[in-house]
Amino acid sequence: PHEDCLEETIAWYREREGARLAAPGSRQRAALRVLGTALRRGGL
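In my numbering, the protein residues as written are 223 to 266.
Each statement offered as a hint is correct.
Quick list of simulated restraints, FRET-style, between CB atoms:
#, residue 1, residue 2, range
1, I232, G258, 22 to 28 Å
2, L261, I232, 24 to 30 Å
3, E225, A253, 30 to 36 Å
4, R263, I232, 28 to 34 Å
5, P246, D226, 15 to 21 Å
6, E230, Q250, 24 to 30 Å
7, E229, R255, 24 to 30 Å
8, A252, I232, 23 to 29 Å
9, A253, H224, 31 to 37 Å
10, G264, W234, 35 to 41 Å
11, L254, I232, 18 to 24 Å
To be clear, the hints were calculated from the coordinates, so they are not data collected in a lab. The C-beta atom is built at its ideal place from N, Cα and C for all residues, glycine as well.
Produce the complete structure using the sequences and hints provided.
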């Protein structure tokens with residue numbers, strides 16, 4: 223199924239780009255969260 227392909231793709235990126243990727247479960251910076259909330263409330 224496609225889940226296997228997706229897991230392999232994620233593993234591939236983690237092997238090659240591990241230092242650039244955020245850890246699983248990481249949150250975005252506060253400024254991005256505030257902007258996203260404002261855009262959602264503004265109807266965008």
